[in-house]
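Participant: The chain contents come next:
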Amino acid sequence: MTMRKKVLWEKVLLAAGVLFLSASSALAEPELVVLPIDRAKFLAGQKFDMEVELRGAKAEEIKVLLDGKDAAGFFGATPVVKKEDALSSYRVDGVALTQPGAVKVEVEAKAGGKTFRKSVGYTVAAPEKKRAKNVILFIGDGMGLASRQIARILSKGITQGKYNGLLEMELLNDGLALLTTSGYDSLVTDSANAASAYATGHKSVVNAMGVYENSAPDPLVHPKVENIAELVKRAGGMSVGLVTTSNITDATPAAMVAHTRRRAELNFIAGEMLKADVVLGGGSQQFLPQSTPGSRRKDDRNLVEEFKAKGYAFAGNRAELAAAKGDKILGLFNLDNMNVYLDREILKHPDVLKDFVDQPNLMEMTKKAIDILSRNENGFFLMVEGACIDKQLHAMDWERSAYDTIEFDKAIGIAREFAAKDGSTLIMATADHSHGVSVTGTYHERDGKTGRHGVRTYANAVFPTFADADGDGFPDNPAPDVTLAVQYANHPDYYENFKFHDKPTSPAIMSGDVAVANVKRAPEGVFYPGNIPLDESSEVHAADDVPLSAAGPGADYFKGIMDNTEVFFGIVRALGLDPTKKR
Amino acid sequence: MKSRDSAYPSFKIARAFWALALLVSSLSSIAAASGPMANGPVPLGFGEMYGKVSPLGIDLSEKLKSLSGKAVVMEGFMAPPLKPTLEFFVLTRVPMSICPFCSSDADWPYDIVVVYLREPVMALPFDRPIRVEGRLELGTKTDPETGFVSLVRIYATRLSEAGI
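Taken in order, these protein sequences are the chains called U and D.
Going by our numbering, the first sequence opens with residue 1, and the numbers climb by one from there.
Going by our numbering, the second sequence opens with residue 1, and the numbers climb by one from there.
These are calculated hints, taken from the structure and not from any lab test.
It is possible that part of the hints are untrue.
Derived CB-CB ranges, DEER-like [stated by the list, open to error]:
id, chain 1, residue 1, chain 2, residue 2, range
1, U, Pro533, D, Gly45, 55 to 63 Å
2, U, Gly237, D, Arg128, 57 to 65 Å
3, U, Ala309, D, Lys65, 48 to 56 Å
4, D, Pro144, U, Ala479, 43 to 51 Å
From the three backbone atoms N, C-alpha and C, an ideal C-beta is built for every residue, glycine too.
Input sequences plus hints: build the corresponding full structure.
Facilitator: Set out below in structure tokens:
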């Protein structure tokens with residue numbers, strides 16, 4: 001279809017849609033929605049907001065029964081009831097289910113002479129005995145099975161079909177599970193929704209964290225569920241650390257502490273970082289008052305100063321991180337996302353790094369975080385994210401992604417060293433979702449063949465020639481004579497030459513609402529028409545299950561195929577958290 | 001990187017302005033092709049705008065500060081606009097692979113220039129470099145209509161495709 005035709009069609013469809021909507025709003029049955037959703041699972045004592053909405057009608061009455069008892073009496077709380085023309089709501093905030101086992105919720109709403117009923121069931125997990133003092137959760141963003149394998153090939157090498165070694169994360173072998181990743185709204189998740197499942201034990205929706213989705217336009221008023229940072233503080237008196245290579249306000253670290261329907265509430269999320277004791281990453285742009293050039297705040301809050309006033313040391317580069325003292329630290333090493341390992345530590349191109357020539361690596365940040373957090377005798381929860389494993393796969397730059405996977409893996413090595421001495425630390429390494437990438441074989445031009453003809457499959461693939469002469473675990477050259485043929489299951493229109501890009505280059509750029517192939521990505525490359533919608537400018541997430549490896553006390557929880565929300569229950573089980581008890 | 005919010009404005013109408021925009025650009029490029037005269041606009045590169053950049057903020061370069069209020073010419077890329085009837089657009093160093101206006105979790109790079117236009121209706125290609133001439137203005141300013149905050153602005157007197 002030509003573009004002009006497509007626009008015309010969209011207009012026709014839009015007009016039809018408006019007619020349909022105006023007709024259907026009169027005819028559609030009101031919908032009764034119970035939040036949390038059916039089959040939600042709680043840790044006994046975990047706080048949450050419960051909300052029942054009758055969408056599309058003004059209710060005369062809403063009754064909510066838990067195990068046959070009125071909700072107000074059951075929780076000992078006063079509900080807030082709103083009855084508006086097209087929306088009625090019944091809400092109790094900050095309540096908890098304290099008795100382990102099953103809870104049946106029955107809801108009844110009367111509107112316009114009709115009665116609407118819905119019944120859902122919850123499960124409440126009993127607090128367990130304490131197994132571990134500390135938990136370190138490593139999240140390789142978008143790091144599916146192929147990402148692990150690419151990192152293993154590059155970092156460890158393979159000889160006659162046997163790997164010369166395993167990754168640090170692959171040596172976490174007290175527990176191994178495959179996690180399903182979907183949210184409750186959609187098969188394919190995003191990093192907010194996925195990390196939220198780990199942080200709360202509850203599924204959410206794309207772009208949301210720490211909340212169930214109600215009808216409110218304000219993203220900050222959706223019903224909340226207590227997250228791991230809040231729980232370990234409240235029930236364990238523990239310290240919390242967040243370490244990433246992206247903006248610290250990005251979805252994965254944000255979901256550990258914040259509650260918002262929209263991950264884009266970055267100004268708000270930056271303030272929520274005060275819930276953690278160690279905050280290390282990029283993204284100072286959200287911490288500077290709007291009057292400071294480079295700020296992305298829409299107010300005058302100077303969060304760097306607020307953190308300092310609350311006793312945090314501040315570090316803006318590697319040297320300051322090393323020198324920082326105290327029990328709390330805010331380290332922000334770039335205005336935006338930190339650069340990737342390959343650019344930061346190896347290539348160091350001035351156009352790419354600009355003035356950010358002294359950013360610490362993930363190993364240094366992880367080490368510092370553990371040094372500080374381990375001073376708390378009650379223990380700590382630390383989340384370390386390899387953020388750009390994902391960002392570089394979106395950009396179809398598997399080499400930059402792979403070096404960041406190796407960096408992430410080496411950070412896991414730092415944690416393993418600590419755990420070996422400490423003896424009471426559960427380490428988990430997983431991803432939040434996958435990408436559609438696979439190793440198809442190798443690529444070389446030794447015989448003059450290029451492009452698709454240079455992709456070597458089956459017996460022709462033999463082995464790539466990555467070398468690591470200095471033994472640091474990172475290949476000396478990201479573009480060896482024989483490299484990997486890494487291929488993408490989904491992509492926008494783009495140019496491919498199967499070669500490494502000296503500078504990060506987007507596969508497609510936005511032209512209006514259409515992604516067009518970026519000719520700069522692959523000079524003399526071949527054009528491949530995209531296989532995803534025209535407005536997607538990057539490779540997108542895949543629905544594949546992701547592996548989780550765990551070691552240490554409590555790691556035995558992880559086996560077989562598990563729902564992603566079980567990561568939370570594995571953590572609170574290991575820590576023996578009991579939020580039903582007052583500390 | 002990208003997981004777009006479902007609620008984002010549509011820009012489909014923008015295409016309708018392209019034909020007009022290209023006409024405008026081809027006319028103006030005839031004048032622009034002669035390049036800066038001795039007293040003409042001073043060329044300013046994206047790499048010349050800032051002094052020290054650190055996590056605690058950006059210092060404007062001496063060159064940028066010395067050009068405040070003066071005529072400059074810059075080359076860059078026009079980011080996909082907020083709305084088709086443009087009163088301003090964002091000029092970027094490289095073409096944008098994201099649309100921060102349409103994807104609420106995408107953010108702008110810090111080295112951007114906001115270009116205000118005399119004529120509200122005008123659009124140029126997003127994937128080819130363009131050339132902007134006009135008066136440079138510095139300092140934090142919030143666009144009254146959209147709330148968009150800018151630090152470096154050009155009040156454009158002339159727009160063209162670069163290299164024509």
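Participant: If I claimed the Cβ atoms of proline 533 of chain U and glycine 45 of chain D lie 55 to 63 Å apart, would that claim hold in this structure?
Facilitator: 36 Å, violated
Participant: Against the range 43 to 51 Å, how does the distance between the Cβ atoms of proline 144 of chain D and alanine 479 of chain U compare: consistent or not?
Facilitator: 50 Å, holds
Participant: For alanine 309 of chain U and lysine 65 of chain D, compare the CB-CB distance with the range 48 to 56 Å and indicate the outcome.
Facilitator: The hint (48 to 56 Å, Cβ to Cβ) is violated, given that alanine 309 of chain U and lysine 65 of chain D are roughly 32 Å apart.
Participant: Between glycine 237 of chain U and arginine 128 of chain D, does the beta-carbon spacing fit 57 to 65 Å?
Facilitator: 59 Å, holds
Of the hints listed earlier, those the structure fails to meet are numbers 1 and 3, in rising order.
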